[in-house]
Amino acid sequence: MKTNSVIEKVLEQGGFVVTSECGPPRGADPEVVRRKGELLRGVVDGVNVTDNQTSVVRMSSLSACAILKGMGLEPILQMVCRDRNRIALQSDLLGAAALGINNVLCLSGDHQKFGDHPQGKNVYDIDSVQLIQTVARLRDEGKFLGGDEVKGRPMLFVGAAANPFADPFEIRAARLGKKVKAGCEFIQTQCIYNVERFTRWMEMVCERGLHERCGILAGVTPFKTAGMANYMKKNVPGMDVPDDMIARMKGVAKEKQAEEGIKICVETIERLREIPGVRGIHIMAIEWEEKVAEIVKAAGLLPRPEIQ
Amino acid sequence: MRLSYPGNVKVVKVPCTGRVDVLLILRAFESGVDGVYLAGCLEGECHFLRGNLRARRRVEYVKGLLEEVGLGGNRVEMFNMSASQGQRFAQFAQEMTERIRLLGPSPVKKGE
Amino acid sequence: MIVGNRKDFSEILEKLGAARRVLLLGCNECVTVCGVGGEREVGVLASELRLYWTKEGETFEVREHTLERQCDYEYIDQIRGFADDYDVILSMACGAGVQYVAEAYKTKLVLPAVNTTFLGVTIEQGMWSERCQGCGACILDMTGGICPIARCAKSLLNGPCGGSSEGKCEIDKETDCAWQLIVDRLKESGQMERYEEILPVKDWRTGRDGGPRRRVREDLKL
Ligand code: SF4
Ligand code: SF4
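Residue numbers (my numbering), protein chains in the order written: chain A, 1 to 308; chain B, 1 to 112; chain C, 1 to 222.
Among the hints, erroneous ones may be present.
With a cut-off of at most 20 angstroms between alpha-carbon atoms, the simulated PhoX-like pairs for lysine-lysine come out as follows [unchecked claim]: (1) C:55 to B:109; (2) A:233 to A:263; (3) A:69 to A:9; (4) C:202 to A:121; (5) A:233 to C:168.
Simulated from the structure, these hints should not be mistaken for lab results.
Turn these sequences into a full structure, and let the hints guide you.
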């Protein structure tokens, strides 16, 4: 055991991890974070806090993590490489550990073109693989990137994202391999709708033995409406939504679609659990946090293990 | 068959409209003409394959420039016709003359 | 070559302000090849200015002059004899040229007529594309000859990101994903094992981040 991370502990005990996420508000009101956090209490093992997702300015991930931590939840600090250079990233890693945050998720980040400040300059001093290396180095070697010694190592459990559906498909497992080699200990995947394609990716991952060195949490996102399913298929790069799933959403009356979306999500979780190497589930209910408890319960994943 | 076209049209012969450069058109405007149009072969029938297509793109470009300087892009145009369509030539000459008349004389008239 | 775009005519007019004696200065190098600031483009802009000011009934003088290069002092010096006859020098060179002219004519107002954009290549007649960002420590040997710094929207050294889709970058469907190109190229050239290597954190000191750069070759000095 390297850290105090609940995720690490559940994985270590051979349990099935459940995480979800909380998008900070576009304002300074801490109550929004608390409300969302409350919905997830006792339901998940860790809560991702997004870092200015889709390049839209929001309350900082670090602050929202601190609020959740204060409520006794287990936050996962998302960090993108878009907005900070290596000085700021390392500084925030130290700060996160000082606030008792145990997990970090290293990401490239969406291009600022998609956000509310497309005029901004991006940083990309280092990339997500190198950010993983950076965290591992601070923690395990006690060294900054620049080589100086860290006084008081940040004991963070290191995660990253993987998109099994992005192109080029053939290097997707190799890319995960690079992240694992860099020091990544858990992975949350892009939302999975095409379970067959994900299964093929998992086979490639297992062939390389990556599932043994890194806990793979399969990502899911429930559809609220058929329109949302369609939108994700058409407009989100690297998202694979099979046509029959859209047809299924369209096949039910409008007021029943949300319910159907949840049903699909629960069924997907059940199928994902059967896939060798899958160690947990990551539920991204975008602005729909109130449904997470229902999904986790329906999928038979309650109660969550007690971790000291 | 002898066709008449408006006497205000001054014909400048070039081997192919592809020969007409942006600068050549601009110079014509600088010398005070009210409008310029290119009479090219039908698209797909250029003796030099793409001369008339290039000319059309240049005309589009000049339209933008004339807009920028405030003369109006409508003072320049590209027409296509075959060598045997004398009637069309006359018709376009008429059409362009009408258009320019509505726009009025070029504000770049020399010697005022 | 260095590639640029010409500024809008309205912006050029605004920058010129009340100046009516204009020395329009082109450059025979890169900006000529990418059709933005050579002799021909000087002619077009001069013509536009003349049309505009004639229309406005103004008195003016626009002189067209194109130098071999605006990034070498000996060429810039060639306008010494008449530069003072003009209110402004409107340069159609890249940003380097504009600055060097300004350095040489300290009392003159020197204005840019071009927005310098990138170091790139001619894809086809009339189309150019970015290739290099002058990072000062080339890694093309590691990336199949395709530069991720200049061509990946996030300059990822260990790409591709999750937004790569059907060979295109997440920023738009017109832009190739540099990492797709790199992977294809590594595959074609039998170097896929390179992909498994993690490219280390880059030392940006050799790039712009290290401050303005200078290069000296003692052996070439006079
Ligand atoms: S690695 Fe650096 S020098 Fe080489 S092409 Fe890319 S930006 Fe230019
Ligand atoms: S899609 Fe490709 S080019 Fe675009 S940011 Fe991602 S890796 Fe870079």
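Structure-based check of each hint:
no., hint, result
1, C:55 to B:109, "holds, 8 angstroms"
2, A:233 to A:263, "holds, 19 angstroms"
3, A:69 to A:9, "holds, 17 angstroms"
4, C:202 to A:121, "holds, 19 angstroms"
5, A:233 to C:168, "holds, 16 angstroms"
Violation of the numbered hints given earlier is absent; every hint is satisfied by the structure.
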